[in-house]
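Chemist: So the sequence lines, in the order shown, correspond to chains A and B.
Using my numbering, you'd call the opening residue of the first sequence number -11 and step up by one each time.
Using my numbering, you'd call the opening residue of the second sequence number 81 and step up by one each time.
By construction, these hints were calculated from the structure, which means they are not laboratory data.
From the three backbone atoms N, C-alpha and C, an ideal C-beta is built for every residue, glycine too.
Check the hints yourself; a few may be wrong.
The calculated label-pair distances, taken between Cβ atoms and stated as ranges, are [unchecked claim]:
id, chain 1, residue 1, chain 2, residue 2, range
1, B, Ala219, A, Ala77, 35 to 41 Å
2, A, Arg111, B, Thr380, 17 to 23 Å
3, B, Gly432, A, Ser137, 34 to 40 Å
4, A, Ala77, B, Asp578, 38 to 44 Å
5, A, Pro53, B, Thr154, 43 to 49 Å
6, A, Glu68, B, Thr539, 32 to 38 Å
7, B, Glu223, A, Arg111, 35 to 41 Å
8, A, Ala77, B, Thr154, 56 to 62 Å
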Amino acid sequence: MTAGPDRGAAAQPAGLLGRRGFVGGSLAAVTATAFAAGTRPWTSLVAVGDAPLAEQLGALLRDTPGVRAVGEAYLVSHEEHRDVPRLLAALAADLGIQPDGAPPADLGARAWEAVQADLLARRTVRLDGWVASPTEARLAAMTLLVHPS
Amino acid sequence: MFADGRELDGAAGPLRADLCIIGGGAAGITVARQLVGSGIRVVVLESGGWEVEDDVQDLSAGENVGLPYFPLETARVRAFGGSTNHWGGTCRPLDARDFEPRPGIPLSGWPIRLSDLEAHLDEAGDICGLGRPVSELDAAEEEDDERPLALGGDDFEARFNEIVADDERSFAPRHRDRLEAADDVAVHLWANVTGIVTDDAGGHVTHVEVATLTGNRYVVEARVVVLAAGGIENARILLASTARDPRGVGNARDQVGRYFMEHPRVLAARILPRDPEIDLGYYEPHDVGGDDYQGYVGLTPARLDQDALADVQLRLRLKRSAAIEQALRSPEARAAERLADWVDGSGPAPIGADLLLLSADLATFGDWFVPGGPLPVPLPDVVRRVLQGSTSERASMVPRLLGGSASYVYSKSTGAGPFESVDVSARAEQVPNPDSRVTLGSDTDALGMPRGQVDWQLTDVEHRSIVRAVDLLGAEVAARGIGRVQVVLPEDGSWPADLAGGWHHMGTTRMSADPATGVVDRDCRVHGIDNLYVAGSSVFSTAGSATPTLTLVALALRLADHLRSAWFR
C-alpha cells in the first residue's frame, strides 16, 4: 500500500522540508510532546465551533507539505477515498464514532488513541516510503480533501 | 617453527606429520596453537607469506556469476593470519536460538547447540584479542554510560558487540611467537594445496599435494587433515581434488559449495528524529572500561518466530547534512584533526598554516553549519589568544576553539552534530539456499587449479525480513514519539545497488547430521571420510546475524579437543 519510495527526492532539500513537515504534523509526534508537558492532546489542533466532522478531522493534522504528500500518496492507492463521505466513513470507523453525528468533544483524543492503537498493533501502511498508521494516513488525506490548495 | 615452502625438497619424498592443517588463518592458527607442546606433529600449509602479495592474492581470483559481489581476490587475505589481517574486529557469539530449528527458516537447526560451544567462547575471545571475556559482555553493557534508544515492547532488543582493538586484530603478530617456538608445529609459508587425495575407496585421505608459485611441488602425508582455508577456498579445494573422483572429495551427495551464505547489508531506512540532538552513541564504537563496544538494534526471538523472519540487525548512524560532510573533508577539518592530535599528545605540534586555516575558517563558519545548529559561536578573543599565545596557552585554548569551529572535532567528541537524518543499515541473516553456491570455473590459476566461481543468491526471506524489521521500527519510533521512519529498500523484492556482503563466507561445507543436506558432521568431520575435517565458518549450518569470527574460533577450539581425544589420545 504505497506510492513507492522516492529516494531521489529524499536527498534534496525540498524533500527534507517535506519530511520535517510530516514529522511536525503527525499525531503521534505532536501528542508525545503534549503528554510530556502534562497537557491534553489535540485541543489546540481541533477546529473550534460547530464545523462539520469532515472539516474537524481535516484540521487535526497540521497542514504541511509533508502531510499533504502523505495524504496524496494514500489517495493514489485508495482512489475510492477521494470521495469525502467514503473517507469520512472509514475515519469514523477508525475512531469509533458516527459519521453523520455531531463531532465528539474528544475528537482529537480519539484520533490520537486510534493512531497509537494502530502503531502499537503494528498496523501500518507505507506511503512515499513513510511508515504511518492507516488512521493517520486517512487523516492526512482528509486534510488534503477539505483544504485543497 | 616456520619454513619456506618454496625451499623444501619435494624430491626427498613425502613429508610426514600427524596432522596437516590447510590454511594459516583464524581457524587454522587456532587449531595449531592448541596442539603446541602436545607431541603431535603438526604441519600448517599457508598459501601466502607475511604480507599481501599480488601474485599470491591472484590465486583467489574468480568469477562472480550471481548477485554483485566483491572481487574474489579481494575477499580474502592469503598471508599468515589470513583475513584477520584485515577485519573489523567485531565479536558477538551466535545466540542460542541460532542453533535451533526455527519457523520459516529452511534447513535451520545445527547438529550442535550453543551449549556445545559455550565452554570455548572466553578462550576464543582471548585468541581473537578481545580485552574482556565474552562471558562478561552483559556486565560490560551494564557499565556502559551510553544507552540504546527506548525501543521496547515485544519486538526490539539491544545487541551489544565487543570490538577487538586495532592493534590486536591480526592473528599473525598475536600468535606467531607461540608457533615459531614450537618444535612440534611447522608452518609452511608460500605453500598452496592443490589437491587432497584419498584412497581408492574415497573414505580416507592419504596425502595432500602442495605447489608453490616458484614451481616447487611436494606431498604431505598425515594421519589427519584439517581444511581451514576459508569459505570459498575450502569448497574450491574439495571440488578441485578429483584424483579419485571427478565430483571431488567429500562431494558424493553434491553438497560441497552449496549454501554459500553472507550477511547481506543494505541501507534499509532513514529515521527523521524529533530531537535534533538525539544521542546515538550506543550505536557507534565507544569505550567501556578501556575496551570498545558497539550496539545494534535487533528483533526479539518472539517477533522473529511469530513472523517467521531471518534475523536482522539494524545499525543506526547519524547522517550529517551535505554541508557538514563537505566540511569534514575540508583542509580546515584536517587541520583541526591535526590540532586535536596534538592536544591529546598523539601528534606533532601544529604548524602556523593550520592555525591560519582555522582562523580563516572561523571567519566564515556560518557557511558551514546548518542554520539553527547547536554549535556555539566562537569568541574572537579565543582566536586571537590561540594565534598569539604560548604553547601552553594554545594547549588550553585549542579545545575550546575546536569545540566551536570544526565539524570534525564536534563529531568526534560528541558523536552528534548537525544532521539530516539517521541512516538505518540492515544486516540480515542469509538463510541456507542450495542454489547459492561456490563452483569451479573454466579458467585456471597460475598453479593449474580451476578458479572458484561464486553464485551468490538470496531468497525472498532475507528481503522480507529486512522490510518487516524496518516497518516494525517505523511503528515503534512513531508510537514512542522518537520520530518517523522512511523505508528506502524497494518493496518489490529487488535489491538496491548498495547491496553488499560483510566479507563473511559461510555454509559451503555446512554442518548437518544428514549427508544429503551438508558436508560435515557435528564433529566437523567430512561425511564419509574418516580423517578429513573442516574448520572455519564454512561449517556454519546457518549464518545468524552476528559476525562469524568468534564462533569459528570457538568451533576450532572444539575441533582441537576432538582431534586430541579421537586421534591422538
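Chemist: Decide, hint by hint, whether the structure agrees.
Modeler: Here's how the hints hold up against the structure:
1. Ala219/B to Ala77/A: 35 to 41 Å: Cβ of Ala219/B to Cβ of Ala77/A: about 56 Å, so the range 35 to 41 Å is violated.
2. Arg111/A to Thr380/B: 17 to 23 Å: At 19 Å between Cβs, range holds.
3. Gly432/B to Ser137/A: 34 to 40 Å: violated (57 Å)
4. Ala77/A to Asp578/B: 38 to 44 Å: holds (43 Å)
5. Pro53/A to Thr154/B: 43 to 49 Å: Holds - the Cβ-Cβ distance for Pro53/A and Thr154/B, about 45 Å, lies within 43 to 49 Å.
6. Glu68/A to Thr539/B: 32 to 38 Å: holds (35 Å)
7. Glu223/B to Arg111/A: 35 to 41 Å: holds (39 Å)
8. Ala77/A to Thr154/B: 56 to 62 Å: holds (60 Å)
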